[in-house]
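When you get a sec, could you build the whole thing from the sequences and use the hints?
Going by the UniProt record's numbering, the sequence shown opens with residue 1, and the numbers climb by one from there.
Watch out, some of these pointers could steer you wrong.
Derived DSSO-like pairs (lysine-lysine); straight-line CA-CA distance at most 27 angstroms [stated by the list, open to error]: (1) K92 / K76; (2) K127 / K116; (3) K70 / K177; (4) K80 / K92.
Simulated restraints, written as ranges between beta carbons of each label pair [as the list claims (entries may be wrong)]: (5) N147 / G187: 51 to 57 angstroms; (6) R156 / P100: 45 to 51 angstroms; (7) E180 / G104: 44 to 50 angstroms; (8) V152 / E198: 40 to 46 angstroms.
Keep in mind that the hints were calculated from the coordinates and are not lab data.
Using N, Cα and C, we set each Cβ at its ideal position, and we do this for glycine too.
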Amino acid sequence: MPCTIDRSTIDAIIAFHGHSCPGLAIGIRAAELALQELGPPESTDMVAVVETDMCGVDAIQFLTSCTYGKGNLIHKDYGKMAFSFYDRTTGKGLRALMRPDARGDMDNELGALMRKIAEGTATEADKARNAELRDALQQRFLDLPLNEMFDVTPPREPAPSPARILESLVCESCGEKTMESRTRRFGGKALCIPCFREVEQKI
Numbered sequence: 001m002p003c004t005i006d007r008s009t010i011d012a013i014i015a016f017h018g019h020s021c022p023g024l025a026i027g028i029r030a031a032e033l034a035l036q037e038l039g040p041p042e043s044t045d046m047v048a049v050v051e052t053d054m055c056g057v058d059a060i061q062f063l064t065s066c067t068y069g070k071g072n073l074i075h076k077d078y079g080k081m082a083f084s085f086y087d088r089t090t091g092k093g094l095r096a097l098m099r100p101d102a103r104g105d106m107d108n109e110l111g112a113l114m115r116k117i118a119e120g121t122a123t124e125a126d127k128a129r130n131a132e133l134r135d136a137l138q139q140r141f142l143d144l145p146l147n148e149m150f151d152v153t154p155p156r157e158p159a160p161s162p163a164r165i166l167e168s169l170v171c172e173s174c175g176e177k178t179m180e181s182r183t184r185r186f187g188g189k190a191l192c193i194p195c196f197r198e199v200e201q202k203i
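Set out below in structure tokens:
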């Protein structure tokens, strides 16, 4: 079944993100899957773990109400089109990994055009073709059935713990207050991460 998110909501997501693109459509579909499987944000204690920092994460924030500031959106910088969702209330969860064949056969041409644009060698015809392909890929993502868009499995890890308020310690080098869990010990002193990096030569 094609995307069930209504057009006015999609337009609001585009306005929130700042532009329309294939990556945003991926996030819309991942969030749609989470809502179908776990329920709406108002009736779940939802947590999202995203393994990429691409455009679609904004759609996930918008549709699921999982945000970085609330501590229920967690980014793991793995560079994978994979999204895990949990409902802490029920214990249910899923991991959605984008299928390689979801992109169809546009990648070779699109990749070549994007390289030309990045190098500054693209003609106006190249730029127009690039825009045409991006629009087509975005529409493909919105039209695909979810089971052709993602491979869905149980999550690989338990649901992340809720955010906690921790004590702040004063860094003994720069004097700035730092969350206790982000301090490092070196030479008997509590240091913030930047100050620790200045004195620890191995990293």
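Hint check:
no.: 1; hint: K92 / K76; result: 20 angstroms, holds
no.: 2; hint: K127 / K116; result: 9 angstroms, holds
no.: 3; hint: K70 / K177; result: 21 angstroms, holds
no.: 4; hint: K80 / K92; result: 22 angstroms, holds
no.: 5; hint: N147 / G187: 51 to 57 angstroms; result: 56 angstroms, holds
no.: 6; hint: R156 / P100: 45 to 51 angstroms; result: 19 angstroms, violated
no.: 7; hint: E180 / G104: 44 to 50 angstroms; result: 49 angstroms, holds
no.: 8; hint: V152 / E198: 40 to 46 angstroms; result: 45 angstroms, holds
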